[in-house]
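Undergrad: Spelled out from the first residue to the last, the chains are:
Number of protein chains: 2
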Amino acid sequence: MNAQISDKTVGRLSLYRRLLSNLLREKEEEFVFSHRLARAAGVTAAQVRRDMMVIGYNGSPKKGYAIGDLIESIGYFLDAPGVQTVALVGVGNLGRAILTYFAGRRPNLKIVAVFDNDPNKAGTVISGCRCYAMQDMPEVFKEKKVNTAIVTVPASQAQSVADTLVAAGVRGLLNFAPVNLRVPVSVYVEDMDITTSLEKAAFFARCRMAS
Amino acid sequence: MNAQISDKTVGRLSLYRRLLSNLLREKEEEFVFSHRLARAAGVTAAQVRRDMMVIGYNGSPKKGYAIGDLIESIGYFLDAPGVQTVALVGVGNLGRAILTYFAGRRPNLKIVAVFDNDPNKAGTVISGCRCYAMQDMPEVFKEKKVNTAIVTVPASQAQSVADTLVAAGVRGLLNFAPVNLRVPVSVYVEDMDITTSLEKAAFFARCRMAS
DNA sequence: GTAACGCTGTGATTTATATCACAATGCACT
DNA sequence: AGTGCATTGTGATATAAATCACAGCGTTAC
Chain A
1 MNAQISDKTV GRLSLYRRLL SNLLREKEEE FVFSHRLARA AGVTAAQVRR DMMVIGYNGS
61 PKKGYAIGDL IESIGYFLDA PGVQTVALVG VGNLGRAILT YFAGRRPNLK IVAVFDNDPN
121 KAGTVISGCR CYAMQDMPEV FKEKKVNTAI VTVPASQAQS VADTLVAAGV RGLLNFAPVN
181 LRVPVSVYVE DMDITTSLEK AAFFARCRMA S
Chain B
1 MNAQISDKTV GRLSLYRRLL SNLLREKEEE FVFSHRLARA AGVTAAQVRR DMMVIGYNGS
61 PKKGYAIGDL IESIGYFLDA PGVQTVALVG VGNLGRAILT YFAGRRPNLK IVAVFDNDPN
121 KAGTVISGCR CYAMQDMPEV FKEKKVNTAI VTVPASQAQS VADTLVAAGV RGLLNFAPVN
181 LRVPVSVYVE DMDITTSLEK AAFFARCRMA S
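Protein chains in written order, with our numbering: chain A, 1 to 211; chain B, 1 to 211.
Quick caveat, the hints were computed from the structure, so don't treat them as lab data.
Heads up, a few of these hints could be off.
Note: identical chains are not told apart, hence a pair may lie in one copy or across any two.
Stated by the list, open to error - 20 Å max Cα-Cα, derived EDC-like pairs, lysine to aspartate or glutamate:
no. : residue 1 : residue 2
1   : Lys-110   : Asp-193
2   : Lys-8     : Asp-193
3   : Lys-110   : Glu-143
4   : Lys-142   : Asp-193
5   : Lys-144   : Glu-28
Since this is a predicted model, take the numbers as computed values, not measurements.
Please work from the sequences and hints to get the whole structure.
TA: Written out as structure tokens, the structure reads:
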């Protein structure tokens, strides 16, 4: 795919798209200026314009960006043609919460299967998703063409789950386990470490108290 | 507090600490080399040494870093003296999952109160935390000296909740709502946007498939 | 006692990321 | 049609973050 597109840029594009959708729905506006979108996203106007450059979308001076077109352009850039399927591994509290959160949210990014090593859960349906046993992974992934997975298992199991996922053909991981997953360079890992994030918030809260 | 300590560094320190604790518990080792810790954390050895500089911890050549001492030094740097209290706002699926996740995990960073605007929940106890009504915030925060909060409310309510929190004296926020919170510069916000993260993972998964 | 090794600590450098600043553009108003 | 003006697109620049590379030192081996 594209030459060298940064992590950060992709994240902002995803955010822009959601903000734009809200704008379109709530305000019924048709155009938006870079500084307006920037303020909503918490970045600078120049940053927004640079990101537009990356996806090759052109606004018009004096009018700004056509919201509908822009959403479509971002989608064209970010999304797979058709529906992209995702699996979730580890149906604990967090896994279930995330499953519920995404149920029917983004139409073209769909959680189609969940896995757990508790044999009692296999065969059941959780938030509209069929739960499978771990060993069914290769088969299910092949059938449903899954290439992205969410990992919500305990830290101790995360690496072996990641290995299984990679072996089954997954190339993108969203990892909630507080460990650094060792994967081939051909696999992308996005870490969400809640403990670290909370400790950061707590640390800087104290810093700000002092000043 | 300290001059100019970066976000990223604080995050890594938090991670190092957890890795070191595991090392101490599992392997019974006493010293660790920068390259070993680096590999576990998924960063370079130079990065680890630079981070040690920041907290002013000195290892010894040939032996490395004394794990016990280092954990203590990181704690001395990151943690409040005594217990730091945290509140959680929004007891939906995600809020409950996070509450359970943190219950009794880090001894000196404790969720001591939860808030929800559902009047039926006020007065109940969820995962060992008393649930209060929104309007009790100033009082509870003052009594329990809360300066950090986790926001797990729907996007539409996030800004007004943030305003209330800031007014009640909170200086650090861990925000799960997919919106950019507008807060004074004296308040630190750490965003965890699950949707964006999943879209990033999905995007790069496709990129890697192509190559 | 001393020589050799491998690690730490850190200045210098590179790379990534964000901002600045301004020419080019096209709409609005006359 | 022409002028003014606020906005875009983007090269140049600044800032932040990570890496390199090597001097200095403690440990170990002999």
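Undergrad: Take the hints in turn and mark each one as holding or not.
TA: The hints, checked one at a time:
1. Lys-110 - Asp-193: Close across copies (17 Å), not inside one copy (23 Å); limit 20 Å.
2. Lys-8 - Asp-193: Classified as both; 17 Å inside a copy, 13 Å across copies.
3. Lys-110 - Glu-143: within (15 Å within a copy, 44 Å between copies)
4. Lys-142 - Asp-193: For Lys-142 and Asp-193, neither the intra-copy (29 Å) nor the inter-copy (29 Å) Cα distance is at most 20 Å.
5. Lys-144 - Glu-28: neither (37 Å within a copy, 44 Å between copies)
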